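Q: Please work from the sequences and hints to get the whole structure.
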Amino acid sequence: MSRHRRCAFLPVAVLATGLLLLAGCPAGNPSGPAPAGRTRGAEVAGSTEGAAEAGGPSPGGLDAAGGSPVENGVRLTREGDLEAAEPLLLEAVRRNPNDTRALDALGYVYGHTDRWRKAEETYRRILGLSPASPGALYGLATTLADVGRVDEALVVTEEMLAHDPANRNARLYEATLYGRLGRNAEAATSARAVIAADAGNVEAFYVLGSALQDGGDFAGAVSALETVVAKEPLHVGALSRLAALYTRLGRAQDAARAREAHDTALARQRVEERVRGHRVKGVAAFNRGDYPAALSEFEIISREDPKDPQAYLMTGSSLIALSRFDEAGRALDRSLALQPRNERTLLELGRLLALQDRLDEAVRAIGRSIEVNPEFAEPHYFLAGILTARGDPDGARREMQRFEELKARSPGAALELAGPPQAVPR
Amino acid sequence: MGCGRHEGGAPAAGAPAGVAPAEPGGAGDAGLAFVSLKDVTSESGLAFRHVNGASGRKYMPETLGSGVCVFDYDGDGRQDVFFVQSGSLPGWSGGAPPRAALFRNLGGRFEEVTGKAGLADEGHYGMGCVAGDVDGDGDRDLYVTGYGGNRLFRNNGDGTFTDDTLRAGVGGKGLWGSSATLFDADGDGDLDLYVANYVAYDLRNDLYCGENRPGYRTVCHPKNFDSQPDILYRNRGDGTFEDGTARARLDDRTGKGLGVVAGDYDDDGDDDLYVANDDTPNFLLRNRGDGTFDEVGETAGVALSEDGVPQAGMGTDMADYDGDGRLDIFVTNLAEEMNELYHNDGNGLFSNATYASGLGPASLLTLGFGTFFFDPDQDGWLDVFVGNGHIIDNIGLYSDTVTFEEPALLFRQSTPGRFTLAPAVGPLAGRYVIRGAVPFDFDDDGDEDLLVTQNDRPALLWRNDGPARGHWLTITLQGKPPNRDAIGARVIVTAGDRRLLRYARTGSSYASQADRRLHFGLGGATTAHITVRWPGRGGSEEFEASGVDRFLVLSQGGGRPARTGGRP
Numbered sequence: 001m002s003r004h005r006r007c008a009f010l011p012v013a014v015l016a017t018g019l020l021l022l023a024g025c026p027a028g029n030p031s032g033p034a035p036a037g038r039t040r041g042a043e044v045a046g047s048t049e050g051a052a053e054a055g056g057p058s059p060g061g062l063d064a065a066g067g068s069p070v071e072n073g074v075r076l077t078r079e080g081d082l083e084a085a086e087p088l089l090l091e092a093v094r095r096n097p098n099d100t101r102a103l104d105a106l107g108y109v110y111g112h113t114d115r116w117r118k119a120e121e122t123y124r125r126i127l128g129l130s131p132a133s134p135g136a137l138y139g140l141a142t143t144l145a146d147v148g149r150v151d152e153a154l155v156v157t158e159e160m161l162a163h164d165p166a167n168r169n170a171r172l173y174e175a176t177l178y179g180r181l182g183r184n185a186e187a188a189t190s191a192r193a194v195i196a197a198d199a200g201n202v203e204a205f206y207v208l209g210s211a212l213q214d215g216g217d218f219a220g221a222v223s224a225l226e227t228v229v230a231k232e233p234l235h236v237g238a239l240s241r242l243a244a245l246y247t248r249l250g251r252a253q254d255a256a257r258a259r260e261a262h263d264t265a266l267a268r269q270r271v272e273e274r275v276r277g278h279r280v281k282g283v284a285a286f287n288r289g290d291y292p293a294a295l296s297e298f299e300i301i302s303r304e305d306p307k308d309p310q311a312y313l314m315t316g317s318s319l320i321a322l323s324r325f326d327e328a329g330r331a332l333d334r335s336l337a338l339q340p341r342n343e344r345t346l347l348e349l350g351r352l353l354a355l356q357d358r359l360d361e362a363v364r365a366i367g368r369s370i371e372v373n374p375e376f377a378e379p380h381y382f383l384a385g386i387l388t389a390r391g392d393p394d395g396a397r398r399e400m401q402r403f404e405e406l407k408a409r410s411p412g413a414a415l416e417l418a419g420p421p422q423a424v425p426r
Numbered sequence: 001m002g003c004g005r006h007e008g009g010a011p012a013a014g015a016p017a018g019v020a021p022a023e024p025g026g027a028g029d030a031g032l033a034f035v036s037l038k039d040v041t042s043e044s045g046l047a048f049r050h051v052n053g054a055s056g057r058k059y060m061p062e063t064l065g066s067g068v069c070v071f072d073y074d075g076d077g078r079q080d081v082f083f084v085q086s087g088s089l090p091g092w093s094g095g096a097p098p099r100a101a102l103f104r105n106l107g108g109r110f111e112e113v114t115g116k117a118g119l120a121d122e123g124h125y126g127m128g129c130v131a132g133d134v135d136g137d138g139d140r141d142l143y144v145t146g147y148g149g150n151r152l153f154r155n156n157g158d159g160t161f162t163d164d165t166l167r168a169g170v171g172g173k174g175l176w177g178s179s180a181t182l183f184d185a186d187g188d189g190d191l192d193l194y195v196a197n198y199v200a201y202d203l204r205n206d207l208y209c210g211e212n213r214p215g216y217r218t219v220c221h222p223k224n225f226d227s228q229p230d231i232l233y234r235n236r237g238d239g240t241f242e243d244g245t246a247r248a249r250l251d252d253r254t255g256k257g258l259g260v261v262a263g264d265y266d267d268d269g270d271d272d273l274y275v276a277n278d279d280t281p282n283f284l285l286r287n288r289g290d291g292t293f294d295e296v297g298e299t300a301g302v303a304l305s306e307d308g309v310p311q312a313g314m315g316t317d318m319a320d321y322d323g324d325g326r327l328d329i330f331v332t333n334l335a336e337e338m339n340e341l342y343h344n345d346g347n348g349l350f351s352n353a354t355y356a357s358g359l360g361p362a363s364l365l366t367l368g369f370g371t372f373f374f375d376p377d378q379d380g381w382l383d384v385f386v387g388n389g390h391i392i393d394n395i396g397l398y399s400d401t402v403t404f405e406e407p408a409l410l411f412r413q414s415t416p417g418r419f420t421l422a423p424a425v426g427p428l429a430g431r432y433v434i435r436g437a438v439p440f441d442f443d444d445d446g447d448e449d450l451l452v453t454q455n456d457r458p459a460l461l462w463r464n465d466g467p468a469r470g471h472w473l474t475i476t477l478q479g480k481p482p483n484r485d486a487i488g489a490r491v492i493v494t495a496g497d498r499r500l501l502r503y504a505r506t507g508s509s510y511a512s513q514a515d516r517r518l519h520f521g522l523g524g525a526t527t528a529h530i531t532v533r534w535p536g537r538g539g540s541e542e543f544e545a546s547g548v549d550r551f552l553v554l555s556q557g558g559g560r561p562a563r564t565g566g567r568p
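For the protein sequence lines, the chains are P and V, in the order given. Quick note on numbering: the first sequence equals residues 1 to 426 in this note's numbering. Quick note on numbering: the second sequence equals residues 1 to 568 in this note's numbering.
Rather than coming from a laboratory, the hints here were simulated on the basis of the structure. For clarity, every value in this text was computed on a predicted model and none was experimentally measured. Any given hint might turn out to be false.
Label pairs and their calculated CB-CB ranges [what the hints assert, rightly or not]:
#1 V:GLY138 - P:ARG409: 26 to 36 Å
#2 P:ASP151 - V:ASP39: 54 to 64 Å
#3 P:ALA337 - V:PRO97: 34 to 44 Å
#4 V:GLY396 - P:LEU90: 12 to 22 Å
#5 P:GLU121 - V:ALA429: 18 to 28 Å
#6 P:ALA162 - V:ARG431: 31 to 41 Å
#7 V:GLY289 - P:LEU234: 30 to 40 Å
Listed below are the simulated SDA-like cross-link pairs for lysine to any residue, each with C-alpha atoms no more than 20 Å apart in a straight line [claimed, not checked]:
#8 V:LYS480 - V:GLY189
#9 P:LYS281 - V:GLY91
#10 P:LYS407 - V:SER55
#11 P:LYS281 - V:ALA200
#12 P:LYS407 - V:GLY91
Yeah, the Cβ is synthetic: ideal placement off N, Cα and C, and Gly gets one too.
A: So, in structure tokens, the structure goes:
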């Protein structure tokens with residue numbers, strides 16, 4: 001499962017029971033570091049920015065006040081909101097099947113959401129329209145490499161370099177691919193070419209160091225990797241390799257320091273290791289009704305990882321349970337600022353608004369949750385409650401019916417809601 | 001997968017005496033299918049179907065079973081088969097409790113004898129197994145790991161077993177046992193037991209993972225759960241055990257253990273351990289010679305990927321794939337991670353040979369479990385088998401490329417240190433959800449066949465129909481009591497200018513145990529000189545093979561004393 005897909009715990013608070021459940025990532029979808037293939041080589045590889053630098057279509061010149069589907073889609077892709085970008089890009093392509101900017105961004109979206117087949121098809125489609133498109137060639141190369149077709153990826157990269165020998169991203173990716181094929185001397189040569197043109201390119205030094213290490217030039221590898229760490233002290237790969245190299249060279253103290261630095265760098269990356277205990281305790285506390293304890297745990301998570309939207313969501317749920325509605329609203333707003341299209345957060349916001357008797361806004365928020373995920377059952381349950389409160393039994397019945405339909409299609413779904421929805425208390 | 005598709009390959013002709021084994025690959029056959037496999041499951045009588053107890057609630061345990069053990073339970077000289085069963089989970093409506101299964105080898109055909117043997121193991125959610133003579137009475141006992149605890153079945157010596165878990169003290173403390181291995185940790189001659197444990201997972205929590213859409217619920221990632229400590233049970237010498245974890249200095253770290261294999265990687269005469277951990281660094285437990293261990297995985301370079309991150313280790317094997325006399329390590333990982341090959345450089349250090357070997361990129365789209373080095377074409381060079389199968393049964397909703405059922409991968413060592421993927425023909429063209437996988441010469445014809453288990457599906461037996469590219473020897477060791485199977489012995493067969501190294505061991509791969517007989521492909525050599533370093537302080541002996549293409553039984557004390565390196 002793609003590591004670029006955002007996955008997180010998705011707790012839900014239930015009006016009737018106050019039960020908070022912990023939802024997490026699919027088993028193959030850790031929100032951790034990029035796959036091995038992508039850390040070896042330019043991280044910019046595959047991004048639309050990288051594609052632009054590689055000579056591909058540039059998404060620049062956007063109109064901030066609105067913009068077309070392609071402009072907004074490309075912008076959202078660059079911002080990492082691939083889920084929001086995709087429908088816009090599809091719309092752009094529907095309107096103009098030959099829009100290579102939209103196709104390029106779409107290829108990126110597919111490649112970063114485990115749909116490599118579609119990614120390959122999309123890039124090849126661009127190349128059918130624009131055979132020398134650097135962005136498409138680059139995207140195709142990375143897609144092929146991601147699925148293990150390294151030889152083919154190299155051929156495509158070479159083609160790119162044939163058109164533009166000075167393309168540094170392509171040259172660096174060539175180095176990366178040589179490394180993956182065990183062709184260390186060639187990997188080193190290509191990496192050095194990049195360094196010659198760009199002495200500050202950290203990843204080029206990393207690729208060089210890796211190639212030299214794998215080729216047996218340990219002293220050379222140390223030099224290159226020390227350059228990496230000097231520029232990026234928390235570079236996990238470089239630190240790990242240096243620890244091994246120092247050990248091999250008999251530099252025990254340097255090895256120990258590198259290992260410690262590596263452990264620190266890894267711990268920083270794997271924030272979930274640090275917060276997992278708090279998350280589990282927080283959920284357990286919420287489920288037994290100890291909302292102050294739950295809140296305390298979730299707030300710790302937010303401090304550890306201020307960019308975790310789920311922590312703010314869970315904080316919001318806890319604050320709702322404590323009737324601290326204004327603070328809950330602020331927490332949910334922070335969650336939505338980080339992840340605007342989280343259907344659970346939108347649902348929770350709807351619940352909060354309903355509790356504050358702001359029913360129109362509640363309906364809108366829950367409506368947005370349904371819009372984000374039409375197959376999400378729970379919003380219909382809560383909407384039924386609101387409609388009941390508004391004296392619309394037919395509407396409530398329709399929503400409950402929809403809830404039951406969706407729930408029936410999902411055995412073992414997240415929430416076993418007890419009984420019919422309660423009318424929202426005033 | 002981008003691999004070639006070729007058919008054919010003529011059997012290798014016999015070579016004159018003394019000719020060195022051929023280089024792997026040979027002239028003119030690059031890319032050809034190097035062995036022909038045939039699914040003989042139904043005709044063999046090995047009818048076993050694993051039941052995972054799934055109900056749609058996506059409990060973690062339902063994804064990981066189960067393993068298989070090959071061992072001679074009745075002492076008739078034929079290798080029998082035990083399949084671990086998992087069984088029911090809350091919400092499962094499958095009817096009668098599923099049973100484990102023991103099959104007696106009748107000579108290439110099997111009959112089920114589970115009930116007679118007392119090995120149904122009902123009510124136990126089994127994961128893996130290991131077999132060995134824990135009480136030194138001359139027959140092989142069976143240990144079955146599981147979610148929530150493990151069981152020891154003591155062999156009564158008459159074809160039946162008794163659940164001796166409580167008396168033996170090896171119940172596993174209610175942890176989630178995955179793989180296990182029996183080995184002599186402290187050099188006192190009896191077999192100790194190492195159990196890898198996975199994560200602290202409680203069925204009652206019923207966590208929801210995956211997208212909030214019907215049908216999209218998936219099993220949760222192990223990162224959501226705390227790791228559990230592995231346990232080293234020290235044998236008191238009578239088949240009862242005490243928890244020796246702390247004494248062995250193994251209690252200061254935990255991982256999410258799924259695979260374990262024993263082997264003397266530093267060639268100092270004692271057995272070390274490698275533990276494949278899921279989502280946490282792998283362990284290399286170096287035996288200090290006295291039953292205490294140092295965890296040296298990161299120092300040695302075998303704990304992490306080449307880019308310094310922990311991976312999802314599942315199955316593992318240790319073998320000398322390049323013939324330099326040192327045990328190398330291979331571990332299978334998740335889809336989008338490569339399986340990793342660590343080359344033993346000596347001096348306790350390994351280098352990552354994944355890319356250089358060609359074993360890496362081909363594994364990116366598959367999720368590897370059971371794995372082993374073996375020599376199916378008997379050319380003298382070890383090849384690699386990887387059994388694959390995803391853990392997310394609805395992965396197709398999340399990816400258009402990764403699939404739940406996956407092909408098994410067979411890699412041929414086509415040039416020294418370099419592997420190429422065998423064509424997907426025969427059973428290799430199928431798609432499976434493999435978990436346990438072991439080499440097993442079930443029909444005693446001298447070549448290694450393959451036995452695999454699947455998650456919630458039937459086990460499969462694939463017969464190796466050649467062609468053989470060389471001669472072979474299969475060696476059975478007879479040690480001295482209490483370690484009559486000579487677990488921990490190192491055997492070197494010198495054939496031509498090649499030195500072929502094997503270790504006698506129990507558990508390996510994923511949650512499984514292979515045929516304990518040591519198979520050697522000799523290539524073109526027609527003579528073989530054998531050196532056995534017996535376990536513990538048994539010393540070393542030399543034997544001359546009376547010929548090739550035969551089964552040999554080597555008894556401790558039956559050879560000529562030899563001088564070898566390492567401990568006596």
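Q: Are the hints correct? Go through all of them and say.
A: We went through each hint and held it up to the structure:
1. The hint said 26 to 36 Å for the Cβ distance between GLY138 of chain V and ARG409 of chain P, and at roughly 58 Å that hint is violated.
2. In this structure, ASP151 of chain P and ASP39 of chain V break the distance hint of 54 to 64 Å, their C-beta atoms being roughly 31 Å apart.
3. Separated by about 52 Å at the C-beta atoms, ALA337 of chain P and PRO97 of chain V break the suggested range of 34 to 44 Å.
4. A C-beta distance of roughly 20 Å is found between GLY396 of chain V and LEU90 of chain P, which places it inside the suggested range of 12 to 22 Å.
5. With their beta carbons about 25 Å apart, GLU121 of chain P and ALA429 of chain V fall inside the hinted range of 18 to 28 Å.
6. Between ALA162 of chain P and ARG431 of chain V the Cβ separation comes to about 38 Å, which falls inside the hinted range of 31 to 41 Å.
7. In this structure the hint that GLY289 of chain V and LEU234 of chain P lie 30 to 40 Å apart at CB holds, the actual value being about 38 Å.
8. Under the criterion of a C-alpha separation no larger than 20 Å, the hint pairing LYS480 of chain V with GLY189 of chain V is consistent with the structure, at around 9 Å.
9. Distance check on the hinted pair: LYS281 of chain P and GLY91 of chain V sit about 26 Å apart at the alpha-carbon level, beyond 20 Å; violated.
10. Annotation: proposed proximity of LYS407 of chain P to SER55 of chain V holds, straight-line Cα distance about 15 Å (limit 20 Å).
11. Only pairs whose Cα atoms come within 20 Å are accepted, and LYS281 of chain P paired with ALA200 of chain V is accepted, the gap being roughly 14 Å.
12. With a C-alpha separation of about 17 Å, the suggested pairing of LYS407 of chain P with GLY91 of chain V holds against the 20 Å cut-off.
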